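Keeping their order, the protein sequence lines are chains E and C.
Position one of the first sequence corresponds to residue 1 (my numbering), numbered consecutively onward.
Position one of the second sequence corresponds to residue 1001 (my numbering), numbered consecutively onward.
It should be emphasised that the hints constitute simulated quantities derived from the structure, not laboratory data.
As the structure is a prediction and not an experimental result, all values here were calculated from the model.
In this text, a Cβ means the ideal position worked out from N, Cα and C, and glycines have one as well.
Any given hint could be a false lead.
Below, a sample of chain E positions facing chain C; criterion: calculated Cβ distance under 8 Å [claimed, not checked]:
(1) Ile17
(2) Ile18
(3) Asp19
(4) Arg32
(5) Leu35
(6) Lys287
The following residues of chain E were derived to be distant from chain C, with all beta-carbon distances above 10 Å [claimed, not checked]:
(7) Val16
(8) Arg20
(9) Ile26
(10) Gly55
(11) Ala90
(12) Gly96
(13) Ile250
(14) Phe255
(15) Ala324
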Amino acid sequence: MTQTISNQPITAVPKVIIDRRPMWLILMSRFRPLLFVAALFAAFFFALQLDPPSGLNIAAWRTLCLFGLTVSLWISGIVPLAITSLLCIALIPLLGILNASQAYAYFGNKAVFFILGAFILGAAIVGCGLSTRMTIIALRRFGKTPRKLVLTVYLFTAIASCLMSEHAVAAMTFPIVWQITHALKLRRGHSVYGKSLYFALAWGCIIGGTTTILGGARGPLAIGILEEITKGQYTISFLQYVIYDLPLVILLMFFGWLILRFGYPPEIKSVDVAIEELETKIHAMGKWSLSERLVLIIMALTILTWIFAGEKLGLANIAIISAAAMFMFNLITWKDVEENVNWGVLLMFGGAITLGGAMSDTKAALWITQSIFGDWQGSAQTLMLMLGVVSLVLTEFMSNSAVIAILMPPALTLAKDYGIDPRLMTMAIVLPSNFAFMMPMATPATAMAYSSGFFTMREAMTAGMKFNLAGFVALLFLIYVYWPLFGQM
Amino acid sequence: MMLRPYFVAESAAMASIPPGIVENGAECTPRTILSNPGFLKLELMRRGIRVEQDCLDPAAFAPQGSRASTGGLSAHARNMFGNATDVDLILPEGTWVTAPLSNHFTHPSPYLLRRNDSGCWLHWDPPFGQQAEVIPPVCVQVVPPAAFYTRTTSTGLPLARLGTVHGSYLALSPIAQCSFVGTDDQCHFCSLTTKATDELVAVDDILEAIRIVRDTTKIDMVYLSVGHLSGSDGGVRALEPYIRAIKKHFDILVAMDALPPEHNAWIDRTYAMGVDSLSYNLEIFDPWRFDQICPGPSRRIGRQRFLDALEYAATVLPAGAVICHLIVGLESPESTCNGIDALLTRKVMPVLPIFRPFRGRDMRETDEAIELETQQIFDLYGYLYKKVRQHKLPMSWVQNISVVTTPAEGRFFVGAKRPGLLQRLVGGERRPSVMLSDWRRALRVKEVDDSLKSSGL
Ligand code: SF4
């Protein structure tokens, strides 16, 4: 019936914030998103009532209205990207753009299943502790001096992001780098060395993630849209993707190294304490477990198959079979999958691919590109560069998958008109869409590094701006010098 | 200061309104008293009523034994709310009053409650043949006593030990503790004799008590009080589980009566955890008297902290929902008026309970209590009403209280009319609904975890 309270003095003050602004202001700020959504839907339904512009059939006009609604919702982020995508798929048959089975069939795109397989493989790597062990081994082995340690973080995260999602790499490396800065007693906001370690982490992940289609969801999404719009005529293999972007990756990696080497001279002489800490951690992990070894073997085989037989066997099929192998050898549980698979990204993909398909099928994409670029007198290269720059700018403010979903359908239509290889057009958009170097909210890797408190938003933006410039120069090189070597532009 | 929501005068212990007092230029006679619910409320609270034997089913009242025999807090409750047995009435203009049942032999009240076919009527009927003229009776509504007092929780705890029901309030004291009680720090007017213990009433018992009361009585506010506990949080941590549970299970307003915490952050927490109305009762505005009569609060908390905490709380809680009692009769009326002004400038609602002496602590003997003329009391309530109107503070948070004259009832002392329905709705004369109050909280309160999450990092 009774309970007892402790009479010890309570000193901790609770953390509650009371918003004391006038109620109308609070209501305005709380309901602004709702008002925005209401206005958006009002505009959408109003636009649907209008007659289509000349040269556009009713289905294409409705697709364009839906495209506007979806893009606005994606950009605003008021509802999760995945929910916007689902809404978009549901509205396509309701608006009579495609029939329901056609609309939902787009969801079954290979890209969706490839990324699902990649997520499951990533979950196995993280779940068995292989990723942590590899990180610690690399840092302990190569990071003997302050400069070498920064370089190791940079290279390791870059290499790891070639093999798994850069977000997962950032998430697994962050606690280890945090431990290093803690062991070295680096002061937040003051330590230059601390800044360089976290920048190395963020930049390594972003640049590494650009290298292969495994680095993030945008690559598979772009390839999925490419395949849908070109009706399977064009695709990009695992190796092709790497070949197309390799010079850009090398240039950016070199540029990043220059900044880290000369922009952030370390104020400490030794990292022995941190290495000792890592030693302790690796000892605590014990010897290589059987599951770690098996995961390593399956991953190596998977990557080799992607590289050498990807085109023949299909990237998604290989990913799914490898994921199944992980289950057969009991290396992963369904609980791990539930925890590590970003289902939201998968749903977002489905919606984006469906919308892209509808834009192409109804010729809405063609109309929009003709309206914008109909009188374009410039060269094909300039057009690609221009779209690349648009992608680079947009990605700082919105999800890179959303950038791909928005830009790809019209860009591929233009590619056809200008005789540009659709694969290269895809690369011209997908590569800059990953250059989220400036704003912490643009990508989880930068967000995590920023949350360490070692560098300010301003510092992130200044360094990011330099990277964006470097990215632009690298893109120039690809478009004007490197890609023409592959023949058709 | 804590553990009792409002004082009432001991029946017939203080001066009643003698016929002949001048009120706004008019004679205050039995006739005017019966026609003015404010006067009548004060009179009934102070002189009690007699009840004609056949007018009410005696079983309808809480039997004397049932509350007297519960011991513990009930003894405290009896002292707080009138001797042993009282009756809640609703006078004209919705004026609630708790009237002690007058003892026929020692303190006969001139007010007699009778029932006829058309309802219950309050008559001016002085005993022993004092009646000089026949005065038309007033129709009143008798509130059936809450079944509360005779029930127990499923764990066997008598509900009467947990608190009391008055008007539309349920007053509960789940933590019968105050570290000042039984020491030199105890407030001189405090009737609490319970030794502070570590025992708390279980949250489930409190929930059950509220459920039982709600099944039988129409209450819209639960009033929780706590005395001085060790720690700097002003009892917030101790009451938090109860308040959160009440808010989770019931659509009901929650008021809390406590001592001010050391840091304002605890006031934020108080509002965040579900408190809709908050009282830090200074009780006495005069600094010297406060120090003398409330040694514990004065030394351990300090008068200035009371005022600062009240001022801060008024920026957090809804307008009019931060309350401070100033006891009439423990300081000069001028000092009470200064207190009213000081509180209202801080947007705090003053409430004026009347000092009630009780056996063993009759402060009149030590000159700590001041006998006030009835007119002075009338003037104080009139002053309170006018000042609250002037500061445009909504009076709705303190309404339907049967044991104290509320600020809104101050209108009876200045001859003001009852606001019309529209004015009551628009002008904050109606207490906000639970939904509105919860909605305000949801909009204004941000847990820090939320804000970190919302930063997206
Ligand atoms: S001693 Fe004072 S503070 Fe403690 S319960 Fe009594 S009145 Fe309140």
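The hints, checked one at a time:
1. Ile17: holds (4 Å)
2. Ile18: holds (5 Å)
3. Asp19: At about 5 Å, which falls below the 8 Å cut-off, the nearest Cβ of chain C leaves the hint on Asp19 (chain E) intact, so it holds.
4. Arg32: violated (13 Å)
5. Leu35: violated (15 Å)
6. Lys287: violated (36 Å)
7. Val16: violated (4 Å)
8. Arg20: Non-interface label on Arg20 (chain E) violated, nearest chain C Cβ at 6 Å vs cutoff 10 Å.
9. Ile26: Given that some Cβ of chain C is not farther than 10 Å from that of Ile26 (chain E), nearest at about 5 Å, it is violated.
10. Gly55: Given that every Cβ of chain C is farther than 10 Å from that of Gly55 (chain E), nearest at about 42 Å, it holds.
11. Ala90: At roughly 27 Å from the nearest Cβ of chain C, Ala90 (chain E) sits farther out than 10 Å, so the non-interface label holds.
12. Gly96: At roughly 38 Å from the nearest Cβ of chain C, Gly96 (chain E) sits farther out than 10 Å, so the non-interface label holds.
13. Ile250: holds (31 Å)
14. Phe255: holds (26 Å)
15. Ala324: holds (35 Å)
The structure fails hints 4, 5, 6, 7, 8, 9 (numbered hints given earlier, in ascending order).
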